Amino acid sequence: RTEVLRVLDKYDNKLSFEAIQEMVYLEKVVAEANRKYPILMVIFRKCEKAYRLPDGGLIKPGINVMIPSSAIHYDPKFYPDPEKFDPERFSEDNKSRRHQGAYLPFGIGPRICPAWQFAIVELKVFIARIVSKYELDLHPSTNTPLRLHPRNFLLSPEKDILVNLTKV
77 RTEVLRVLDK
87 YDNKLSFEAI
97 QEMVYLEKVV
107 AEANRKYPIL
117 MVIFRKCEKA
127 YRLPDGGLIK
137 PGINVMIPSS
147 AIHYDPKFYP
157 DPEKFDPERF
167 SEDNKSRRHQ
177 GAYLPFGIGP
187 RICPAWQFAI
197 VELKVFIARI
207 VSKYELDLHP
217 STNTPLRLHP
227 RNFLLSPEKD
237 ILVNLTKV
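FYI, the numbering for the sequence shown is 77 to 244, going by the numbering used here.
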């Protein structure tokens with residue numbers, strides 16, 4: 077909230093694209109939220125050319141492949157203490173030391189979601205508007221830690237997430 081209010085003050089309370097771009101910490105928060113809770117738990121692709129696995133196995137062209145993005149996002153090799161919500165994982169220094177393929181909320185490469193940048197800006201605008209006007213607190217009936225529905229294809233909570241909003 078501190079960063080959002082500071083930047084909004086600088087831009088006369090106008091949430092312009094330039095203002096959103098200056099919200100560096102908010103960018104990290106959105107990235108960490110997408111790491112912990114990507115909308116898709118797996119990415120589906122068709123192998124285009126033969127690929128040799130490190131153990132010697134071969135994936136032939138035309139084979140359908142499932143990439144478990146959620147497993148990668150929770151791998152302590154890439155994200156120490158992966159259950160913890162830590163936006164600093166996405167500082168420039170930390171990002172530069174991590175394999176590019178370890179962050180896949182929108183896919184990767186030529187088939188990355190074409191609207192991923194738009195989605196990030198929309199999330200930042202939504203969060204900035206909410207936190208600039210309201211104090212947010214989890215309702216006591218909301219499960220913590222968050223438990224996810226085990227059988228849904230799309231990531232979804234087991235129970236509703238209820239939030240109390242208090243105008244500031």
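These are computed hints drawn from the structure, not numbers from a lab.
Do not rely on the hints blindly, as some may be mistaken.
In silico lysine-lysine, DSS-like type, Cα no more than 27 Å apart, as pairs [claimed, not checked]: (1) K160 to K200; (2) K243 to K153; (3) K235 to K200; (4) K112 to K153; (5) K86 to K243; (6) K200 to K112; (7) K160 to K104; (8) K243 to K200; (9) K200 to K104; (10) K153 to K171; (11) K171 to K200; (12) K112 to K122; (13) K104 to K171; (14) K235 to K86; (15) K136 to K104; (16) K243 to K125; (17) K235 to K90; (18) K90 to K200; (19) K153 to K90; (20) K171 to K112; (21) K209 to K104; (22) K125 to K112; (23) K235 to K160; (24) K122 to K104; (25) K90 to K112; (26) K112 to K86.
Pair by pair, the computed Cβ-Cβ distance ranges are [to be verified]: (27) L241 to G132: 52 to 58 Å; (28) E164 to A191: 35 to 41 Å; (29) N140 to L241: 42 to 48 Å.
Since we're looking at a predicted model, the values are computed, not measured.
We put the CB at the ideal spot given by N, CA and C, even for glycine.
Here's how the hints hold up against the structure:
Using a Cα cut-off of 27 Å, the hinted pair K160 and K200 holds, with the two alpha carbons roughly 21 Å apart. At roughly 41 Å between alpha-carbon atoms, K243 and K153 are farther apart than 27 Å, so this suggested pair is violated. Note on K235 and K200: the hinted pairing holds, with a Cα-Cα distance of about 25 Å set against a maximum of 27 Å. Straight-line distance between C-alpha atoms of K112 and K153 comes to about 15 Å, which keeps the hinted pair within the 27 Å bound.
For the hint linking K86 to K243, the alpha-carbon distance of about 22 Å falls within 27 Å, and the restraint holds. At most 27 Å may separate the alpha-carbon atoms for a hinted pair to count; K200 and K112 meet this at roughly 17 Å. For the proposed pair K160 and K104, the alpha carbon gap of about 14 Å is at most 27 Å, so the pair holds. As the CA atoms of K243 and K200 are separated by approximately 19 Å, the hinted pair is consistent with the 27 Å bound.
For the proposed pair K200 and K104, the alpha carbon gap of about 10 Å is at most 27 Å, so the pair holds. Proposed proximity of K153 and K171 is supported: the alpha carbons are some 13 Å apart, at most 27 Å. About 19 Å separates the Cα atoms of K171 and K200, which keeps this hinted pair within 27 Å; it holds. Between K112 and K122 the alpha-carbon distance is near 25 Å, which keeps this suggested pair within the 27 Å criterion.
Straight-line distance between C-alpha atoms of K104 and K171 comes to about 10 Å, which keeps the hinted pair within the 27 Å bound. Distance check on the hinted pair: K235 and K86 sit about 39 Å apart at the alpha-carbon level, beyond 27 Å; violated. In summary, the hint linking K136 to K104 is not supported, as the alpha carbons are separated by about 37 Å, beyond the 27 Å threshold. Taken as a hint, the K243 and K125 pair is broken in the structure, with Cα atoms around 55 Å apart against an allowance of 27 Å.
Straight-line distance between C-alpha atoms of K235 and K90 comes to about 36 Å, which puts the hinted pair past the 27 Å bound. With a CA separation close to 14 Å, the supplied pair K90 and K200 stays within the 27 Å bound. For a cut-off of 27 Å, the pair hint linking K153 to K90 is broken: about 41 Å separates their Cα positions. Only pairs whose Cα atoms come within 27 Å are accepted, and K171 paired with K112 is accepted, the gap being roughly 16 Å.
For the hint linking K209 to K104, the alpha-carbon distance of about 21 Å falls within 27 Å, and the restraint holds. At most 27 Å may separate the alpha-carbon atoms for a hinted pair to count; K125 and K112 exceed this at roughly 31 Å. With a C-alpha separation of about 20 Å, the suggested pairing of K235 with K160 holds against the 27 Å cut-off. For the suggested pair K122 and K104, the alpha carbons sit about 31 Å apart, so the restraint of at most 27 Å is broken.
At roughly 30 Å between alpha-carbon atoms, K90 and K112 are farther apart than 27 Å, so this suggested pair is violated. Taking the CA atoms of K112 and K86, the gap is near 31 Å; set against the 27 Å cutoff, the hint is violated. Checked against the hint of 52 to 58 Å, the C-beta distance between L241 and G132 comes to roughly 55 Å, which is consistent with it. Between E164 and A191 the C-beta distance comes to about 27 Å, which lies outside the given range of 35 to 41 Å.
Remark: the range hint 42 to 48 Å for N140 to L241 is upheld by a beta-carbon distance near 44 Å.
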